[in-house]
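Each chain, written out:
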Amino acid sequence: MDRVESLRFAIQVDKLNFWYGDFQALFDVDLEVKKGSVTSLIGPSGCGKSTLLRSINRINERLGSYARTSGSIRILDHDILDESVDLSQLRKRVGMVFQRPNPLPLSIRDNVLFAHRIHGSSKKLSKGEEERILEDSLRTVLLWDDVKDRLGRDARGLSLEAQQKLCIARLIPLKPSVILMDEPTSALDPKGTEALEQMIWTLAGEYTILIVTHNMAQARRASTESAFMLLGKLVEKQNTGDLFLNPRHQQTADYIEGRYG
Amino acid sequence: MFQSTELNRRNHSVQKLVSILFGVVTCLLIVPVLTIMTVLVYKGGPNISFEFLFSAPTNGMTAGGIFPALLGTILLVVVALIFSVPLGVATAVYLSEYASDTWLTRLINLAIINLAGVPSIVHALFGLGAFVIFAGFGTSILAASLTLGIMTLPVVIVATRESLQAVPPEFRMACWGMGATRWQTIRKVVLPNAMSGILTGVILEVSRTAGETAPIMFTGAAFFLPFLPQGILDQTMAMSLHLFVVSTQVPGVPETLPYSVALVLVSLVLIMNAASIILRAYVRGQKKW
Chain A
1 MDRVESLRFA IQVDKLNFWY GDFQALFDVD LEVKKGSVTS LIGPSGCGKS
51 TLLRSINRIN ERLGSYARTS GSIRILDHDI LDESVDLSQL RKRVGMVFQR
101 PNPLPLSIRD NVLFAHRIHG SSKKLSKGEE ERILEDSLRT VLLWDDVKDR
151 LGRDARGLSL EAQQKLCIAR LIPLKPSVIL MDEPTSALDP KGTEALEQMI
201 WTLAGEYTIL IVTHNMAQAR RASTESAFML LGKLVEKQNT GDLFLNPRHQ
251 QTADYIEGRY G
Chain B
262 MFQSTELNRR NHSVQKLVSI LFGVVTCLLI VPVLTIMTVL VYKGGPNISF
312 EFLFSAPTNG MTAGGIFPAL LGTILLVVVA LIFSVPLGVA TAVYLSEYAS
362 DTWLTRLINL AIINLAGVPS IVHALFGLGA FVIFAGFGTS ILAASLTLGI
412 MTLPVVIVAT RESLQAVPPE FRMACWGMGA TRWQTIRKVV LPNAMSGILT
462 GVILEVSRTA GETAPIMFTG AAFFLPFLPQ GILDQTMAMS LHLFVVSTQV
512 PGVPETLPYS VALVLVSLVL IMNAASIILR AYVRGQKKW
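One line per chain: the protein sequences are A and B, in this order.
Using this note's numbering, the letters of the first sequence correspond one by one to residues 1 to 261.
Using this note's numbering, the letters of the second sequence correspond one by one to residues 262 to 550.
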């Protein structure tokens, strides 16, 4: 445990290459994500940022043998591409939030407790225990006060912003180390986006967050570090402030000035 | 500037003509159904009574009721469902949720489509060979129901698969992203949300199973039996075969009797359908979206 405590990086990607069939989507990507940081991945459409994100919980592998990977990804200094890794255990510790909020067609309560129940041992949790987890999780994502009176209602009746928060809340009971977010605000209006960004800041520290975004203003507002990707390569990574003020590479400068994208 | 031209007017009149024409053709569809039902009710209706439904045929099947056939058809349908619904749903789940697109799955799909296209008399002969003789069930409810079940499997498989595929993929991604296994995803999310579609398949299957004659003729249905079946290894009378028999095989049957039998058969199917539709509505009501 001490070793994990003293680790500096939550995610270490080393020389990662990724292919969809014959198409190579990632080229020798190196990335280190500091523990407890919020790191954003920016870049034009098709640059591989979502592919990189999806490699980290290996959800790309649903494509079967069509998807191939080489290189190494370490989470909390454990190789997650190792044969012995159980995908269920990996995804328990590396949560994911998708572009469109995708609450399950269940009540708010059952949504929050879903993953917890799936990973639970056969012994049933007491009602009180579940209620405590439910409240903690919803408080963590700043949703408790909004929904505490309608926990039995269908989650799909919530606003998109609340749905997306709920999708984060359902990860909390698993105590993930890392939360991956794939353009989590692209379906939200500006107000919802702002609320979600604020919420992300409250998660930072305890969770390591890697967030793919199309929105550069969002990267500036809502991340401590930013990495710029282009055509499957990771061009550079710096503190967010530095990346936007003093990009080291011309390509980065061109992108953040809006010359392409 | 915005006045209609000659061409506009012509297009409008063509459009009107087409909509009327298609409407009339669609309405024609109702005619056969209405005619059948009217004739059945008119000719067969008066004869139907509690006694007709719940007593056995008498006088060489020219009088009395239809109870053995009615019970037989219900038994055949129920046993066929017990066999084919789990098998069909399991197959559909495998094809839709597990199997990747290989030559084997394509072959299976082809087999299912062809199974649906096999004439029922061929199913009957298959059932005779496979269940009655080879498996040694003899002519029995079991053999007949298995034959019916195989014949209607494609209906269940196709309906189930379509309803599984109608479940949004986001739900599966959400589950997998939380580390749920495929089976957990299917059991907790996919199947519950596909339930109403699966029931539709079952409804279709019930209608077909109840009315089929050929597959049960050689495998389990009897011309006339003095006793009710005591178990699934007994033969039974069935409504569809009974209708055939009283219409063509027995001399001296009063004219209204076949109509009454047909009316009961149609009503039986309608009642089973209605029950399934109510069940489906209930399942949909449970689904909260």
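Rather than coming from a laboratory, the hints here were simulated on the basis of the structure.
One or more hints might be untrue.
Below, a list of computed lysine-lysine pairs in the DSS-like style, where the Cα atoms sit at most 30 Å apart [unchecked claim]:
(1) A:K15 with A:K34
(2) A:K148 with A:K127
(3) A:K148 with A:K34
(4) A:K175 with A:K148
(5) A:K175 with B:K277
(6) B:K449 with A:K148
(7) A:K15 with A:K148
(8) B:K277 with A:K127
(9) A:K175 with A:K191
Partial selection, computed: residues in chain B whose CB lies under 8 Å from chain A [stated by the list, open to error]:
(10) F313
(11) E431
(12) M434
(13) A435
(14) M439
(15) F479
(16) A483
Owing to the predicted nature of the structure, the values given are computational and were not obtained by experimental measurement.
Think of the CB as a built atom: it goes at the ideal place given N, C-alpha and C, for glycine as much as any other residue.
Hints, verified against the model:
Only pairs whose Cα atoms come within 30 Å are accepted, and K15 of chain A paired with K34 of chain A is accepted, the gap being roughly 18 Å. Distance hint between K148 of chain A and K127 of chain A is fulfilled; the C-alpha atoms sit about 16 Å from each other, no more than 30 Å. Using a Cα cut-off of 30 Å, the hinted pair K148 of chain A and K34 of chain A is violated, with the two alpha carbons roughly 34 Å apart. Simply put, K175 of chain A and K148 of chain A have alpha-carbon atoms about 22 Å apart, close enough for the 30 Å limit, and the pair holds.
Using a Cα cut-off of 30 Å, the hinted pair K175 of chain A and K277 of chain B is violated, with the two alpha carbons roughly 65 Å apart. Note on K449 of chain B and K148 of chain A: the hinted pairing holds, with a Cα-Cα distance of about 24 Å set against a maximum of 30 Å. In summary, the hint linking K15 of chain A to K148 of chain A is not supported, as the alpha carbons are separated by about 46 Å, beyond the 30 Å threshold. Between K277 of chain B and K127 of chain A the alpha-carbon distance is near 64 Å, which puts this suggested pair outside the 30 Å criterion.
Among the hinted pairs, K175 of chain A with K191 of chain A is consistent with the structure: their alpha-carbon atoms are about 28 Å apart, no more than 30 Å. About 47 Å separates the beta-carbon of F313 of chain B from the nearest beta-carbon of chain A, more than 8 Å, and the hint is not met. Here the hint on E431 of chain B is kept, as its CB sits about 4 Å from the closest CB of chain A, short of 8 Å. The restraint placing M434 of chain B at the interface with chain A holds, with a minimum CB-CB distance near 6 Å, inside the 8 Å limit.
The interface hint given for A435 of chain B is met, as the beta carbon of that residue sits about 4 Å from the closest beta carbon of chain A, less than 8 Å. Annotation: interface hint on M439 of chain B holds; nearest CB of chain A at approximately 4 Å, less than 8 Å. The interface hint given for F479 of chain B is violated, since its Cβ lies 45 Å from the closest Cβ of chain A, which is over the 8 Å cut-off. At its closest, the beta carbon of A483 of chain B sits 49 Å from a beta carbon of chain A; the interface hint therefore is violated under the 8 Å criterion.
Violated hints, in rising order: 3, 5, 7, 8, 10, 15, 16; the structure is consistent with all others.
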